Amino acid sequence: MTRLQSGDAIPDLVVTPDRHLTIRYAGASGDFNPIHVDEEFARAVGLPGRILHGLWTMAQVARAQTEAAGGPATLRSLSVQFRGLGLPEEELRVTGTVRSVQDGIATVDATAVQGDNEIIRNAVAELDQR
Amino acid sequence: MAERDGPSHGPRRHPLTGTGPAVGYRQGVSVSTVAVGKTFAPTVYAVGREKIREYALAVGETEPLHLDLEAAHRAGFADLVAPPMFAAIYSSPAVGPALFDPDVALDFARMVHAGQEFRWGPLVVAGDEISTGVVVQDIHEQDGKGFYVFTSTSTNQRGEIVCVGTWTTIVREG
Numbered sequence: 025m026t027r028l029q030s031g032d033a034i035p036d037l038v039v040t041p042d043r044h045l046t047i048r049y050a051g052a053s054g055d056f057n058p059i060h061v062d063e064e065f066a067r068a069v070g071l072p073g074r075i076l077h078g079l080w081t082m083a084q085v086a087r088a089q090t091e092a093a094g095g096p097a098t099l100r101s102l103s104v105q106f107r108g109l110g111l112p113e114e115e116l117r118v119t120g121t122v123r124s125v126q127d128g129i130a131t132v133d134a135t136a137v138q139g140d141n142e143i144i145r146n147a148v149a150e151l152d153q154r
Numbered sequence: 082m083a084e085r086d087g088p089s090h091g092p093r094r095h096p097l098t099g100t101g102p103a104v105g106y107r108q109g110v111s112v113s114t115v116a117v118g119k120t121f122a123p124t125v126y127a128v129g130r131e132k133i134r135e136y137a138l139a140v141g142e143t144e145p146l147h148l149d150l151e152a153a154h155r156a157g158f159a160d161l162v163a164p165p166m167f168a169a170i171y172s173s174p175a176v177g178p179a180l181f182d183p184d185v186a187l188d189f190a191r192m193v194h195a196g197q198e199f200r201w202g203p204l205v206v207a208g209d210e211i212s213t214g215v216v217v218q219d220i221h222e223q224d225g226k227g228f229y230v231f232t233s234t235s236t237n238q239r240g241e242i243v244c245v246g247t248w249t250t251i252v253r254e255g
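Going down the list, the sequences are from chains C and R. Count the first sequence with our numbering and you get residues 25 to 154, in order. Count the second sequence with our numbering and you get residues 82 to 255, in order.
Bound-form chain R, shown alone:
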């Protein structure tokens, strides 16, 4: 498939069933799988020292590496260290457009964030620039609910993968 500007489609085959695009109507939930494999242009997030501090305080962190610049320096880090769950912050600008994509066609009125996984690589510190790409991993219907799974891959300025996120949303029956 030729490269196009903007969001591009990967293979339109379902990764698990091998079936092509389909629209299923059952028990009031319609699930279009046309967006499976679709990727989105990466976003870049510049990690700021005070944003780390603000986030760390909001989640109740007491770890000095997240709050105390001298402690971070003594431990050999160039700047404040982001808590692992700061991944939610630097990857969300990339995940948002995927959630709102018209091909994905999520019904926000009936959607819940059902599951989340993060797998981490090297720690992120203030001053890093984190690039995050998103792919629509899977869309399927099960037990009358629509399951939408997105994968985000976040890479630092040295090309190291710092976090892979799996975001699962469920659309309930109307």
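Here chain C stands alone, though its shape is the one from the complex:
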């Protein structure tokens, strides 16, 4: 595991949620809100179609951190703002930059985007490197 330094970019995490991802995440999480699993319902309430669960997208931001820092025990905190609507079958990219390192804790600023659409903004993670 490489120690993160201030100014470092963490490796991008790139994932394309497949057509049935929201169904699997609904089962795993218990969140069966029809905006995530029912195409007709989602369109009927004005959405472009079924949308990704925000907490699934946040989990991708978390995974980018733990993969960069060396495992689940490194992630001390993560805060995010949910912005745009995430869609299945479109590439999601998580990027992050180390803002500072103090007393072995790296603070990372991150975002998650699909093309020009910012799904998660102002994400801040604290990674324990001690």
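Derived from the structure by calculation, the hints contain no laboratory data. Possibly wrong hints are sitting among the right ones.
To be verified - Short, incomplete list of chain R residues facing chain C, as computed with Cβ under 7 angstroms:
hint, residue
1, Glu135
2, Tyr136
3, Val140
4, Gly141
5, Val162
6, Pro164
7, Met166
8, Ile170
9, His194
10, Ala195
11, Gly196
12, Gln197
13, Glu198
14, Phe199
15, Arg200
16, Leu204
For clarity, every value in this text was computed on a predicted model and none was experimentally measured. A virtual CB, placed ideally from N, CA and C, is assigned to each residue, including glycine.
Keeping the supplied structure of chain C fixed, place chain R upon it in accordance with the hints.
Only chain R this time, still in chain C's reference frame:
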């Protein structure tokens, strides 16, 4: 205040402004702050090995600690380790009733999950029993929107706080 059965109210003062209960009507969003400080009876979630695996696969985890029992054992864990974001799973049974509480009076048709924070303690492993309590942290109106903030505190069977979650929902103008 005497203890009552079921959900109880804490101090009804707004934690930031110190004002008492109020109902504001402005720009089409009415925000009742009567529920600020209200707490809810803790829920207990038993963490299962296959639920961790199912969750880990759904979020695309490749970390062996979440998927491979032998790898978890070799690393000194009693069972599979839950990914940090599994906090969303063990705390949601506690957060749900707070969201639906009639005193909170969230308008679900116009509500969005706007922000989320988790702060983690010791890792959670399969076999743990996680108790989660929720408090209505803050309700306020700003720029014509209603902000509703809930805090969940999750504790394992040894009394260690494994996660504190801050859940922010916004109700937009109608």
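Going down the list of hints, with the structure as the test:
Hint on Glu135 (chain R) holds. Least Cβ distance to chain C is approximately 5 angstroms, under the 7 angstroms limit. Given the 7 angstroms rule on beta carbons, the hint for Tyr136 (chain R) holds: about 4 angstroms separates it from the nearest Cβ of chain C. Of the supplied interface hints, the one on Val140 (chain R) holds, with its beta-carbon coming within about 4 angstroms of a beta-carbon of chain C, less than 7 angstroms. Checking Gly141 (chain R) against chain C: minimum C-beta separation of about 6 angstroms stays under 7 angstroms; hint holds.
With its C-beta approaching chain C no nearer than about 6 angstroms, Val162 (chain R) sits inside the 7 angstroms limit, and its interface hint holds. A hinted interface residue such as Pro164 (chain R) counts as satisfied when its beta carbon comes closer than 7 angstroms to some beta carbon of chain C; here the least separation is about 6 angstroms, so the hint holds. The interface hint given for Met166 (chain R) is met, as the beta carbon of that residue sits about 4 angstroms from the closest beta carbon of chain C, less than 7 angstroms. Hint on Ile170 (chain R) holds. Least Cβ distance to chain C is approximately 6 angstroms, under the 7 angstroms limit.
This hint holds: His194 (chain R) has a C-beta 5 angstroms from the nearest C-beta of chain C, less than the 7 angstroms allowed. Taking 7 angstroms as the C-beta contact cut-off toward chain C, the hint placing Ala195 (chain R) at the interface holds, the least distance being around 6 angstroms. Contact between Gly196 (chain R) and chain C, as hinted, is supported at the beta carbon level, the nearest pair being about 5 angstroms apart and thus within 7 angstroms. The interface hint given for Gln197 (chain R) is met, as the beta carbon of that residue sits about 6 angstroms from the closest beta carbon of chain C, less than 7 angstroms.
At its closest, the beta carbon of Glu198 (chain R) sits 4 angstroms from a beta carbon of chain C; the interface hint therefore holds under the 7 angstroms criterion. Among the interface hints, the one on Phe199 (chain R) holds; its C-beta lies about 6 angstroms from the nearest C-beta in chain C, closer than the 7 angstroms criterion. Taking 7 angstroms as the C-beta contact cut-off toward chain C, the hint placing Arg200 (chain R) at the interface holds, the least distance being around 4 angstroms. Satisfaction of the interface hint for Leu204 (chain R) is found here, the shortest Cβ-Cβ separation to chain C being roughly 6 angstroms, below the 7 angstroms cut-off.
Of the numbered hints stated above, none is contradicted by the structure.
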